[in-house]
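A.B. asks: If you want the building blocks of each chain, they are given just below.
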Amino acid sequence: MGKLGKKARKFAKKNLQSVDKRNRKLKPFFKKKFAKKNGRRDVGDEKEEKKVEQKPKKRFPEEDPQDISIDDVFGKDDDEVHHDGDSDSDGYLDEDPAAVKGAEGEISDSKMSMQSKASLSELKKQRRKLAKLNEKLVDEADSDKSKRKVLSGSVLGTCCDLVDEEQSVQALVRLLNWYRAACHYGHEPSGIASPDICYDIEDNETYAKVMIFVLQKADHTFRNILGLSDSSNKEKILKLKNNPKWDSLKPLVKSFLRSTMYLVKHAADSEMIIFGVTQLRVSIVFFAAFPDLLKKLIKISIHLWVTGEDTLSQQAFLTLKDISMVFNSECFDTCLINMYKAFLHDCDIPKANSEQRLLFLRDSLVELCSQDVQKSYTKASVSITQLAKLLKMALTTKNKEAVEKIHSGQYTNCVDLWVNFIAANVQDCDLKPLVYTIVQVINGVAQLIIGPRYLLLRVKCIQWLNQLSRTSGIFIPIASLVLDMLEYKTTNDGEKQEQELQAVSTVKLPKNWLKSQNFQEQCIFSVIEVLAVHFAQWSFHISFPELATIPIMRLKYFYERSNMEGLKRVVKRFIEQVESNIEFVQRKRDDATFSPNDQQSADMFMQLEKQNAKAPYTQYYQSIIDKARGTKKKK
Amino acid sequence: PNCSILCGQTVIIISVVSSPNSEAAVGIMGKSRRKQKVIPPPQLPPDVPEEDIEFSDEDLKYVQENTQYARFVSRLDTAAINKQCGGTVKTVEDKYEEERSKKKTHQEEKGNGEILVDPVDVLPIKTLDGKLHYRTEAKKSKLAEAITDEAETDVLEDENILNKSQRRAKAKKSKKEAKKQDKELPNQIAKEEETPQAAVLAEVKEELSVQETLENKQNKLAELGTLLLSDPEANIKSLKEILDLCKDENTKIVKLGLLSLLAVFKDIIPGYRIRLPTEKENEMKVSKEVKKTRLYESNLLKAYKAYLQKLIILEKLPVYNQIATRCICTLLDAVPHFNYRDNLLIAVVGNISSPDEVVRRLCCSTVRSLFSNEGKHGGELTVQAVRLIAAHVKAHNCQLHPNSIEVFMSIRFDEDIGKPNKEDEHNKKYKKNNKRKNQEEENQVQENERKKSKKEMMSKIRDEVTADYKGVTYEPDAKERRKMQTETLSAVFETYFRVLRNTMYTIGESTEENPISNQGSFGAHPLLAPCLDGLAKFTQQLDLDYIGDLMNYLKKLASSSSVSNNSKQKNSKLLTVSERLRCCLVAFKVMRSNLNALNVDLQDFFVQLYNLILEYRPGRDSGVVLAESLKIMLCDDRHQDMQKAAAFVKRLATFALCFGCAESMSALVTLKNLLQKNVKCRNLLENDAGGGSVSGSIAKYQPYATDPNLSGALATVLWELSLLSKHYHPAISTMATTISNMNTSQSQTFLSAVTPQQAFADFSLVKESFEPKDESRKLNIKRKRDSLAEGAKSVPEIDMEKLSKKLKENFTILQDIKEDERVRMELQS
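As given, the protein sequences belong to chains U and F, one line each in that order. Heads up: the first sequence begins at 1 in UniProt numbering, then just goes up one per residue. Heads up: the second sequence begins at 1 in UniProt numbering, then just goes up one per residue.
Same shape as in the complex, but just chain U (with noise of 0.2 Å):
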């Protein structure tokens, strides 16, 4: 690598940046050469470079079921996202010579940063040209000594003091170049790196409260030397081009958050991160000077949604989300697709107590999705489509793989994410064209994977039309799904198609089960419970007695054939609160004068004991719904 080839590279990398990425997705490889150079980026490039990879394979989704992936809809946008994120200058900023003592006005910001970033040897090679050039300006023998800064800490005191107080820039500028330093503190051998100045601190004491102070007070002081207050937007910072205080101002926080993004992406410590990200987000608003460095925020911050622990995690999605607010046109699309794809990344790697997590995520998802339900929803019906698509292919070729992808974890967190989704805005919103999609979808998902075996998945999928129901106010047959789950006690081992779709999968229950009664009572308590959450929703519905009809003769014949007394009774008393409801409803029915072609009056029809929500019948709907609950919860 000689000189030429680093002046070329950095032509190019300047100047024919198409190039540049071509390299990067042609030859991974190459690319590893070049990686000390930034060293940073490393761990997310290569993640990057392997989505890259994977992408030209993907190009034709019809052709076969592994290479339609739910997650990848959204492919294209990636590219855009995390591109030379680290392009411009990160170096220590330039203090003034005047406040300062030393001379290194000279050296501009950007060969320096140049240095920072430059690996060991082509540090040395571009020491040796720099000293050439600047042979006469600069005095190499004495700035050498000047360049070494040490922090102590009373050096410190009166520099937080004079921020503090008086807002000195000047010692703004000092304590964040120290701050900069401690941040980096470890990460990168400072000593020889950058000869030319160094910033070195005392001890642990005064790490510990350059670190807290500058995050603390930090914003603060931007505000107030540029006068902004608390709650001002973004269109207040970029109005700021205008402020002559801005120019002095703008590397200093440009310089303060790079930092800090610094210490919440290497720190070791989860509390040091927590604090670092909510020190961020208060001052989110100043990112929309730096793109650049908002996408990196975005990228840090979903990482710390999908890995970070509970407190992190929920810091770093609301950062995402006061994102997604704050700049709405033009990072919502960013984080909701990023997000995405990281939540349906996320299903499929086995994590001790992922049901929560994946709870809170798909919780934090639909939150965010709610925040642009105009936007989500193009995104959703993308998405929803994709599903479909597998479903469809997978029910068209009963391909074995096909079938495996839909009962994976990813497939049915993506469905539970949009049936959230659209649950929570279907009120407000009008979904209609999405229900129905994903209410085939998850028909099309029950009719598909049948058996015993997938007891929880049929569960699932029933529980997921109830909940769309209930939401929606839509009818949504499940009684025919339900019904099926009561025949499950007289199969035995006779179960061939079973066996040949072995496969790990959560949704799968182990076959030494089905024979216990432990599953037989789980099937008949499950079929109750999505019967009860079903019938409590249309019990005050002029043709529930019809509704009824077929559910009830069903369990009646069940209860006749049953030996299990234990069953029996449970079933027995749900058949009896059904009868009674039915009653109710048949005699208040008789009163009713209107015909069933006038739909408002039968809008309308029991509405007012609806609100009372008295009848016993009701309560027992209550109490076998709340027990559900409650037995979900102990698990």
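Treat the hints as calculated values from the structure; they're not laboratory data. Possibly wrong hints are sitting among the right ones.
To be verified - No more than 27 Å apart at the CA atoms, straight line, and that leaves these computed lysine-lysine pairs for BS3-like:
hint : chain 1 : residue 1 : chain 2 : residue 2
1    : U       : Lys265    : F       : Lys805
2    : F       : Lys680    : U       : Lys588
3    : F       : Lys806    : U       : Lys265
4    : U       : Lys265    : F       : Lys802
5    : U       : Lys265    : F       : Lys808
6    : F       : Lys805    : U       : Lys217
7    : F       : Lys452    : F       : Lys61
Could you slot chain F onto chain U? The hints should help.
C.D. replies: What follows is chain F alone, placed relative to chain U:
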């Protein structure tokens, strides 16, 4: 040709062909031969330009006098013949034949024993010890080619019959063979060299000797097969050799032998049946050619017989089961006219319900092709096959694979067989007589006594020939065909009735019987479904007398499970809902195809349907059958009484509430249809205070009633529609709304064109496109939510002291690391 006339038509053809002295005969007979031999495209007669053919006067006269003999010439389907025999279509065998002959001539040119180097073989072979060898063994390479030829032809032939897996296996096998040959080659060459490594080679040779013998046998097989194909008459004896090879202990050789023989026989079996000459005939003096032909034929027949015996024996062994069955099936399919076809048929039918799927499918497809290509064997085999299957079913007590009866669906029954033909025949006879009379008159005038006697003799011979011809050919006249068809029909229906009776019997008995003992591997009632399908298809052929019985059976079957309601705890023998629905369906189809000529009460079937609707379960039962029953039993039924229609309307509405959209839609379509036909039932759409004036004797609706007439449906209101109009599926909700408005809307005449089946198919999830109905529509957000959720500002409590402590610790650690690094760096430099 005079002398050959004595020996019957069969011999005539052969001798004429083999002695091309009389060209006219060649012209005619050659063509006729072509016609007969349908399967293997026969060799074209030597290309003689039309004008070169000279007809002798005698021949001309003969033809003129006996025009009826030559009539078939005018009826020949020349297009088909051209297609079959034309030069454009070349089978693979032809190509190989050509190549081989070319090679032969080539070889002859070069002289035997000369080096034969194929362009491919020009490249030298490098042995393991690094020496180069040029291939010089003419014989070896030829043999190798031959065997690959053989294998390839086999493969090609097999491809028609075999399923994928077998084909793959076959390909693998042939590949393996080829590989083995390749491997062998250097070894053998090395051996010929007699180098110092001979000792080592000897060992190798010993080890390989087994393989070598195998190799040799394969080569021999190939050689013999090739010889046979190139000139069957000269090499007919080779058949026996191959047969002997088939007695080998190596299964592979046997299989190869069987397949080679199959290929050979398929090719050389003539298009007529061979009748071995009687002793009397043997005593007669015959020409050399005839003798040769006779010898050839008898040899062929003997070999064929031996081959078939071998096959039938091997077919029973599990190792050879597949291959032998394949041979048998192919033979039966290719030469169903030839001798011993009955034995073949027996073997095929015996395997028709084989547990091996490959074998079963082979047999079934063979039987099907027999049924659909009756022209090849004149329908005789159809009768036999059907009879054999009937016997088979009887012997196995109906515990067979459904496929074995499904084949009946391929039988075609010609209603007006023989009717026009009879007239034809009559005319023909009349004409014939006329002609004969005319001839005789003419003759009387012209001829002298000698000629007259000769004429008489001729006519006598002709009669004899005709009789013989009839015996040999497979064009039975209409009468016979009718008879055969009747027999076929009776056998088919016998089978069907047997199945029905057996099913009834098992249902009746099942309470006492141990269900496991009689549970076949094909399910409870394996033959019922194809049997019902068949009955529905052939019901027009069924005698009216039997229909009463049939209906009784069906009635009992349809109501089977409701009869023994209490005792069916663990009874798997009961009919499924689909089967019972099918019974109802067949009953209706039978009635309809007989134009309702019978006075049978179908009420019971309605009752069954009424109950079956409730028992239907989407995963288990076929929705298609349900939709079909709805269509045939409810939509197509002209006059229904109000009570019943109302009951069905109510039940269908209830049904629609509980099932998926496909079922719901087909139910709603039927419901609408019923309401359109029965104006009075539209009272169900009105909520009449006081239960309505039309309600029958039952004042209150009984949702669980088993009899539609006793349900009191007229007393109720179709409240279901109110809920259905909230259905998530837009089509169903609009349908429900339309139905509920039927009474008030004026356009009552419009009839829905959609059948329940159509609705079921359209709305089943497999067909669902999953496209949101109108995607482009802008969302109209009903309620603006508060722009910013205030609660989101939650900031976690952070213990600053703890944090600073942690920061300090962190710093210390980092500092240590840094220090460490620095020291190390210094040490290094």
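A.B. asks: List in ascending order the numbers of the hints, as given earlier, that are violated by the structure.
C.D. replies: No numbers; nothing is violated.
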